[in-house]
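*Asks:* Protein chains in written order, with our numbering: chain D, 2 to 472; chain L, 2 to 472; chain B, 2 to 472; chain G, 2 to 472.
Treat the hints with care, as some may be off.
Since the list gives no way to pick out one identical chain from another, each pair is judged satisfied if it fits inside one copy or across any two copies.
Mimicking SDA-like on lysine to any residue, the simulated pairs with C-alpha atoms at most 25 Å apart in a straight line are [said to hold, decoys possible]:
(1) 352 / 62
(2) 343 / 268
(3) 167 / 108
(4) 341 / 366
FYI, nobody ran anything at the bench for these hints, they're computed from the structure. As the structure is a prediction and not an experimental result, all values here were calculated from the model.
Protein chains: 4
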Amino acid sequence: MEGKRNHLPFKPQEKCAVVGIFGHPEAANLTYLALYALQHRGQESSGIASSDGENLYLERGMGLVADVFDPPRLERLKGPMAIGHNRYSTTGESTLTNAQPFMVNYRQGSLAVVHNGNLINAYQLKRALEESGSIFQSTMDTEVIVHLIARSNQNSFIESLIEALKEVKGAYSLIFLRNREMIAVRDPWGFRPLVLGKLKEGYAVASETCALDLIEGEFIREVNPGEILIIDERGLHSFSPLLPERTSHCIFEFIYFARPDSFIFGQDVYSVRKEFGRQLARESVVEADMVVAVPDSGMVAALGFSEESGIPIELGLIRNHYVGRTFIEPKQSIRHFGVKVKLNPVREMLKGKRVIVIDDSIVRGTTSRKIVKMLRHAGAREVHFRVSSPPISHPCFYGIDTPTRRELIASTHTVEEIRKYLTADSLQYLSLEGMIKCTGYTIEVHPFCLACFSGAYPAKFPRHPITLPGL
Amino acid sequence: MEGKRNHLPFKPQEKCAVVGIFGHPEAANLTYLALYALQHRGQESSGIASSDGENLYLERGMGLVADVFDPPRLERLKGPMAIGHNRYSTTGESTLTNAQPFMVNYRQGSLAVVHNGNLINAYQLKRALEESGSIFQSTMDTEVIVHLIARSNQNSFIESLIEALKEVKGAYSLIFLRNREMIAVRDPWGFRPLVLGKLKEGYAVASETCALDLIEGEFIREVNPGEILIIDERGLHSFSPLLPERTSHCIFEFIYFARPDSFIFGQDVYSVRKEFGRQLARESVVEADMVVAVPDSGMVAALGFSEESGIPIELGLIRNHYVGRTFIEPKQSIRHFGVKVKLNPVREMLKGKRVIVIDDSIVRGTTSRKIVKMLRHAGAREVHFRVSSPPISHPCFYGIDTPTRRELIASTHTVEEIRKYLTADSLQYLSLEGMIKCTGYTIEVHPFCLACFSGAYPAKFPRHPITLPGL
Amino acid sequence: MEGKRNHLPFKPQEKCAVVGIFGHPEAANLTYLALYALQHRGQESSGIASSDGENLYLERGMGLVADVFDPPRLERLKGPMAIGHNRYSTTGESTLTNAQPFMVNYRQGSLAVVHNGNLINAYQLKRALEESGSIFQSTMDTEVIVHLIARSNQNSFIESLIEALKEVKGAYSLIFLRNREMIAVRDPWGFRPLVLGKLKEGYAVASETCALDLIEGEFIREVNPGEILIIDERGLHSFSPLLPERTSHCIFEFIYFARPDSFIFGQDVYSVRKEFGRQLARESVVEADMVVAVPDSGMVAALGFSEESGIPIELGLIRNHYVGRTFIEPKQSIRHFGVKVKLNPVREMLKGKRVIVIDDSIVRGTTSRKIVKMLRHAGAREVHFRVSSPPISHPCFYGIDTPTRRELIASTHTVEEIRKYLTADSLQYLSLEGMIKCTGYTIEVHPFCLACFSGAYPAKFPRHPITLPGL
Amino acid sequence: MEGKRNHLPFKPQEKCAVVGIFGHPEAANLTYLALYALQHRGQESSGIASSDGENLYLERGMGLVADVFDPPRLERLKGPMAIGHNRYSTTGESTLTNAQPFMVNYRQGSLAVVHNGNLINAYQLKRALEESGSIFQSTMDTEVIVHLIARSNQNSFIESLIEALKEVKGAYSLIFLRNREMIAVRDPWGFRPLVLGKLKEGYAVASETCALDLIEGEFIREVNPGEILIIDERGLHSFSPLLPERTSHCIFEFIYFARPDSFIFGQDVYSVRKEFGRQLARESVVEADMVVAVPDSGMVAALGFSEESGIPIELGLIRNHYVGRTFIEPKQSIRHFGVKVKLNPVREMLKGKRVIVIDDSIVRGTTSRKIVKMLRHAGAREVHFRVSSPPISHPCFYGIDTPTRRELIASTHTVEEIRKYLTADSLQYLSLEGMIKCTGYTIEVHPFCLACFSGAYPAKFPRHPITLPGL
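So here's chain D without its partners, still in its complex pose (with noise of 0.2 Å):
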């Protein structure tokens, strides 16, 4: 299925997944299982290339990754290589020409590649690149350091591979497929989660632990920012020839995105994520006759939060977790509904008290509003929300999905504001001094980019067309 493709320039690979495994004879299988562990990080679309060592072969669809594939799918993906993806779900341009793998042919011979990230001199580059005669197929960044690779000079994929390397600025764990080698890379800065593990036999590389968990492989150290980890045959090779850069790990990953039992960026994300909450107690706690979070993503901060208030959790609101491919929506108005059948309020429980309710963080608001209005309307007698992040000011322009800035309710609206807007009884978010503090990092001294709550974005972004060396 395909769409309308229009000239927007690039669409970021935001929260995606990326998947390879090197060496086991059941390869597709494995990378099949480990997407499903990281169904939670994209379920628009989801695809597998796979080499037997002289082909490449290659399987995408659109849905999560339970139905996309089946036996006799998964059978045609030979060989004991294979790199697998995830795609998160954007507005627009949901087609299968976006789907990942992206796989080529090219002067070097065939290269399939899988992208979690985005760069932020895409555009200036396919501008550069179309100038040169370069066409595009697709509207993912991934494209561009294909054409870059291929454009290259350099005899090795390696050479060409660090020759187009340097020309990209932004966020990107990738995994390479050739013929009989994977090879793994992650940007300078380290925006992505990347980590490595040993299966029974061969290697595995994932975009957090909780894959290799599912497929028993064993966590041996995360792939390192601007390392280019080659497998091959004779083992494990790793490079590091591009100019060191700030470490600037999404914090996103640790408040919302990954799952709470993956270690990333040195850390669990549970304790990290619980400590948050209890945090956000010390800060902000009100007097209050329970603590409730909004499922699934505030639970655990919400945990940390009773747990340091002495105030009672409780699961006032229930997530019904069935979905389907289409939701129909009646004519009639109901009240709250896209909220509704997703959450409902536990009534019994709820009415007379007053309720702290805990979420990782507020994007344009509607939601929470819907929620609050949810809970009061269910006999909430009063509504404290608390957040276990800070306000979100600013897009993120390296791989979460976050509106333009116009959208961001923190962007234009004081904290009061937006109280008032949720109907809330107080509001507060988590200090950004004191979420870092539960890193265990100051803010002086710390391996975060934070650029969503203070606009200090690491990577520079290009102003100028962009030359091409020998273009």
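Following the hints, position chains L, B and G against chain D.
*Replies:* Structure of chains L, B and G alone, referenced to chain D:
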């Protein structure tokens, strides 16, 4: 799709969901939404029948509500009256033939029906009906009831229905749809829940109140045990023509089956379920570092246990909610594979800890054993298993899909034997007395069916062939 | 998929195909192939039931045989006995509920049945059965027969079947499948064809001999009018317990419906159909440059016409055979659109020519009119329309899907009026006498039903309500 | 769906269909209909791209036109310009990646293209392009042309196109779609047909005139060999900037490929094809009782043979047109199975007869052999095989999907050897001279490519690597 047609007597309509909407311009759409809210009661197949006053319309399919129905299919379901059904997935007879609503033409016109429950004399009745010339197309109990109605010589539908209901024994929450009226019926024991609500326009009947919440229906009351409720243009009409029986609500609805945000059997499910956890703590607390629930069903009881015991609750097991149509197992063995695709332990947090793990019940024990082993493998020092219900020692014949007695681990093993099998450091169940106390009743006087714990079945099984009057 | 359930009495099983295979290890596969060869008798739905001696298996779906069945589905149809059915597509009730085989459980066990034909007293029988308590799930005549069998007090299936058949009037070529036997039945009038063949292993029964050809069955003989043929482990057993009736083969099988390579009613379809064309030439030749058939059905008669008249035949109308599930009409009007997507004239060849166009029959006249106009538009100087059957003036009640009398153009218009409507230069039909002569019989003595031409219906219609014996 | 990505150079776009509609409010709908009329040129996949003046839209799928498109999908194809393509099914690379239209973004904006034909220097060009950094995503020749356009330094699209076309050798009937214009191109040899028509509003370009007939387009003229035809808001603009070549129409379009109701290469296909049959009779008639065509492709020539020889034609082989997605073969061997599911002999008519069977061509001979055996098995006394074209002794490199030379029976066997293999009583082919004469030309002076009969290829094959100017 249809499959093997075997000679087993009947397939019980176990944990199904039933819904009826009367007098609303978007009857089919609201039925769809109510079925969506009741998806937890059945995921195998889903169907809706509607009436526009002249014709009945029927649409059914295998799978989740949101997958079976799309807008054109819902539009074919014309008229202001509709009934719907979610069928619970059981082994074997997973065929469209058994999907509900069940619809027929007979002497008094067209009739559609949905059913939650299980008749204990279905086999005998079917034999008697066949002897006098009836043909059966499905293996559902429901078809027996419809045959009895069609065979009755009474002049009106209601008289025929009463005559039919006098013959059947067991659990039934039924909703019938005829051209111009809807009829809701609950068996005299009140085994399964059935609630009545008021819509802005018209009425709704459903298995649980959470369905009313989503469609903004106002809860009026439960349909009474033994009540026949007719809804037509003139309003509600109630009859109770059947002999009264000892009220026998299925207590498993509180333990596991109903959604915690529902109100059934005169009580709030969340509160009762949490009280089970508190009582379990009173009866069986041990020294430990944390309480961990088996998500999602053990979560509410675990909260109660944690609160009562003062031992902090942790989300030590993370559930993967993205389940697709199929799941493909790798050829190589992966430890605890079946459990692992659903649950993953949070290693960092469990390492070296003494863990109390809470589940709502143990049936065969195989999954519980895998969970214990998974927790130990993740580093837990001690694993204490606590169950928020008594040992299940007898099969259910009224609609919960329990296996035969031999397969129930508690029917053939002592608690200590089960503990050894689970490889747990300790194991304790909630006591029968304690459980009843949590509902506000006593073991001497209560309105529940406890047959699965005690073997005392409220409705007696037929021993001899049945002779139907007038056949 | 299911649709509107209306109150119309019955949907006739018009031009369907029936197949039965007994005693062959690949019974379901051969049934599939035989249905494929009989696809011209019905394209709406297709189904197969099989037996392995202990259980019956059923698979049905909407669409063409080759689309409904795939290898896994055929493999589910176990056992050495199978029956199959293609259903003809009619307006309205296009639902899976009406797809055959029809399968039930009743007093004497499991039973599956396929049916080609139409009962004329189905409505009265259904009313009588409903009065005594039967329920109906489909709108097929076939269900009436099964109810009558189930209601019979006879001890054996065959006795029950005979009792049932004594009640029904009309057209039926039936094949029943029970656990260990297959029973083929043809009505006493012999309305529809039914042939018997010998396989390398076992037997085959089918609507036409072309089905035997594909599966390498050797044609033995036709099942006789009124014959009940039992096939079981011991071989073939024949009974003729019903009162004999005047043989009344549907002559439309020769005119249009049967495949030309079939042998039915004691004759070769191709030869008879070609002789219709020769006789038509004798009766109605005019001076012309070419004979053009309406493909594909008019082709054989056109060959005969050409041979007899000496006027060369040309493929002046080309048929597009690639028909998919749906066909989308443009919003703007295209001349003769409905005909054009199927037929295109060969302009160069028609330009300035006098054309005799041959079709097998005219029902409403709308398509014929479009064809005449299309030929003129393509340049034909004269268009002489010739029909290789007499004017259809009466509807068929035995199974051919003709419209009500009012819609039949020949029932309300003279030949000259029809000619004017078609805008043809001349119009002639084959005479009734001439048609009969082509079969080797005379108008006085012949074994055919000519009701659609004459209104003389062989089986009398019931005027009064039916009282079933013993009910 | 995607499959193996191998290293074979290119998959020729053999007998595909191309369509373009410009300036009509229902451009996509008319394209759909035109593709439907051209379904005989390709059944593997189908696709349409459209433009609304600002954006290009693309929809493609595997299967028949009428199965790929439904109303919502056609509605997504907005705008008054559209191009479409049917792809012919070949072995191996049956993937959506190779479905057309092919669509890219490049320096000069968005571009979609459809292609019928085959480049003989595609492999060399691809190598040269890859050397200079191009990446390839499909195995279609078409992608080479687009890369050449993108690489050109010319300022306008037309100049870039001309530069690109100067590099490619072989067969191409191309239609490009840009935001505001459509460009049709035919190679200088004129290998494949391409016709231009006038609609009530706007213009149509298509492979054959039968597509114009269905959408009521008026045939204007053929696009000339070497012509570039631009259609934009201001009308038609024609250029012929390429060096002229010897006109080399593929004579196989007359023999077999084009629909008989089309007008291409300045002639009426039906008349030429029938004349082939007449000439074949003049060259090779024998005494016989009937002429039988291999349906449907041998039918027109068989009519000519019958007319010229005076031997009556009979429909001795009946074709089953109901072909579904898959066809399941039984495990047990059935004689001539592959042929039998398509063709069935009319036994009664063939019994004891001397039959002349006419087919349009013999490729491998395996099917012809099965047909001869099938006719004998049905009782034919003598079987004389006549072929309405000369022996195919050389493969085609311009787009007809002939196998390699070794597989062509006539390349390695004499006519007598082939006769023996077919088990025919006699075998004769149409002579090369005779065939040309039927077209009104002579063997000395004619506009046809006869390479498959003679091995004289009009466009020379490249022997050395290509150096692209400016790369």
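*Asks:* All hints, please: hold or fail.
*Replies:* Hints and how they fare:
| no. | hint | result |
| --- | --- | --- |
| 1 | 352 / 62 | neither (46 Å within a copy, 39 Å between copies) |
| 2 | 343 / 268 | between (31 Å within a copy, 23 Å between copies) |
| 3 | 167 / 108 | both (20 Å within a copy, 23 Å between copies) |
| 4 | 341 / 366 | within (16 Å within a copy, 36 Å between copies) |
Of the numbered hints stated above, the single one contradicted by the structure is hint 1.
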